[in-house]
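Visitor: Residue strings, one per chain:
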Amino acid sequence: MATVKLYKPKANNERRSPLYIAIFVVLTVYIVSMVLPLVWGITTSLKSQEEFRHNVLWLPQGAPWLWKWSNYIKVAFGFYENVTVVGVGRTRVYFPRMLVNTLLYAGGSAILQTLCPCIVAYLTCKFKYKFSKFINMFVIALMVIPIVGSAPSEMQMLKTLGLYDHMWGMWICKFSFLGMYYLIFYAAFAGLSNDFFEAAYVDGASELRVLLSVALPMVRNVIGTVLLIKFIDFWNDYQTPLLYMPSQPVLARGIFRLSQDSQGDFSTIPFRMAGCMLLAIPTMILFIIFKDKLMSNLSMGGIKE
Amino acid sequence: MIFYICMMALPVLQVFVLWFCVNINSIFLAFKTYDYETGQYFWNAFTNFKNVFYDFGRIPFFGASIRNTGIIYLANLIIGTPLSVLFSFYLYKKMPMSGVFKTILFVPHILSALIMVVIYKYFVDRAIPTITEIFTGKQIEGLLANSDTTLATIIFYNIWTGFGTSTVMYSSTMAGISESIVEAAKLDGITPLKELWHITIPLIWPTFATFVVVGFAGLFMNQAALYNFFGDNAEYSLYTFGYYFYVSMRTSSITQYPYLAALGLILTAVALPLTFALRKLMDRLGPKTI
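These protein sequence lines map, in sequence, to chains A and B.
Per the working numbering, residue 1 is the first one in the first sequence, and the count goes up by one each step.
Per the working numbering, residue 1001 is the first one in the second sequence, and the count goes up by one each step.
Okay, chain A solo, but in the shape it has when bound:
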């Protein structure tokens, strides 16, 4: 009697493949190399400088409630950045003010840099004019055209237009649709069925109503993901505000200064680590809450057909 050999997935055999074992080992080493310095950073932030000199590696001495939690309080309320404000002179900006600046910079820039590519992508995707094609080609071409050294000209332009050293100036700079996220939004709108839009038009909806009530809600997941990514990017960005908004320091710039200063009360490694952790807490909370959202919806380029 003939027997038929059925195919059975070799899940366990596949898992024992040398390739997967090798990647597993490399990834495990990677994870240890990533987690170890982070844990070391946290424990260091809870030591006094005196203790750190004698105990570089291990946990702070004593019970957890005796550790130097005060490092965080001292940095949060004692650390300041000196800035020069036109018409005022040299002034101190403390941590809480830096936090407000960061929220304004990161929040405003993230909203504008999410909405702008989103709306332009909607327009170019749904209105097939020649100009839409041009915009599409323009954005794609710019991604692979290497333009080096336009910063001096940008600085000149910002000063000429009165945008330099103003929060709203930064927002205007960030109101741009250029970049990868335009393509992501374009792909999201291209994937929507035209039936929804046509039904809205039949019901007498205006173009603006269709955009606000049909199109944007249908891509709200992508909007949410891009908004989060952008917020985290701008929260962590200190180089742009340092260059173009020198009198309004953001938190990341404060931490940069804290990490570089070799004099002053806060120029110790535990204080520097405490400052870093303070900067990291909000983004880590966002990451923990929106982890799946942040690590999904990111697809570009696609699959070869």
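Be a bit skeptical, because a hint or two may be false.
[Said to hold, decoys possible] In the DSS-like style, the derived pairs of lysine-lysine whose C-alpha atoms are separated by at most 30 Å in a straight line are: (1) 1050/B <-> 159/A; (2) 1102/B <-> 293/A; (3) 159/A <-> 1032/B; (4) 1094/B <-> 1186/B; (5) 1194/B <-> 1280/B; (6) 1050/B <-> 1032/B.
Think of the hints as simulated: they come from the structure by calculation, not from any bench.
Fit chain B to the given chain A structure using the hints.
Guide: For chain B alone, coordinates are given in the frame of chain A:
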């Protein structure tokens, strides 16, 4: 049409002024010089370009910038990119602990590069010498403090923290591969290595090629996190062009702007054909790039 024009007007105006005009002005600036006494810019033909070429042979950090920019890009391409693809393949196949690995790989993308640098800097300079002393009894210098290992330590840092976005992108793209193709190959007894090489990589080629080309396009603006490590005071031997530009913008007066614009124009002229050549090469090797 009116709706289209109204909605498009502001974004297009922004790009026209803050991209197009800025770049046109950058080209003009490269042919000018600033006069402190009058506070005006004057045309000076090719003087800035002559100065840049003259400095290339004279100032040591230009040579170091060329070398370091190349080394860091190649190290990322040769070590970082293959590891990224392998990690993504592992995540895509949902092998043991994939979720944990994916999360930790993404952490450097969430934490500020500054935080990563500060922790890494003191870890390699303070903790690693202590660990080495405990295990071997030998006293060593910090890896950043020791000039023999500084560059290698920075290159390692750049690879070490560079997996987040590419791994998520590659594994998202791999997730779109048709199950039937993979199942058919498995029926033919394909091994995971062959599946990766003959099915997965060819199918994610557009994304892969996009990353390689876009990464190359940003070659001369890559700071390699040097500003986070050293602020304005990195050793000349560690310079990259991206770092040089940023530090110059921070520390130079406006008299230096024309010189920087000329250098930028020269580097753009070098990078542009190379980027297009790379794109052509990726097109030849695979089906389609952006």
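Visitor: Each hint needs a verdict: does it hold in this structure or not?
Guide: Structure-based check of all given hints:
Taken as a hint, the residue 1050/B and residue 159/A pair is honoured in the structure, with Cα atoms around 28 Å apart against an allowance of 30 Å. Distance check on the hinted pair: residue 1102/B and residue 293/A sit about 13 Å apart at the alpha-carbon level, within 30 Å; holds. Simply put, residue 159/A and residue 1032/B have alpha-carbon atoms about 18 Å apart, close enough for the 30 Å limit, and the pair holds. Between the alpha carbons of residue 1094/B and residue 1186/B the distance comes to roughly 16 Å, so the proposed pair stays at or under 30 Å and holds.
Between residue 1194/B and residue 1280/B the CA atoms are separated by roughly 26 Å; this keeps the pair inside 30 Å, and the hint holds. Taking the CA atoms of residue 1050/B and residue 1032/B, the gap is about 13 Å. The hint holds against a cut of 30 Å.
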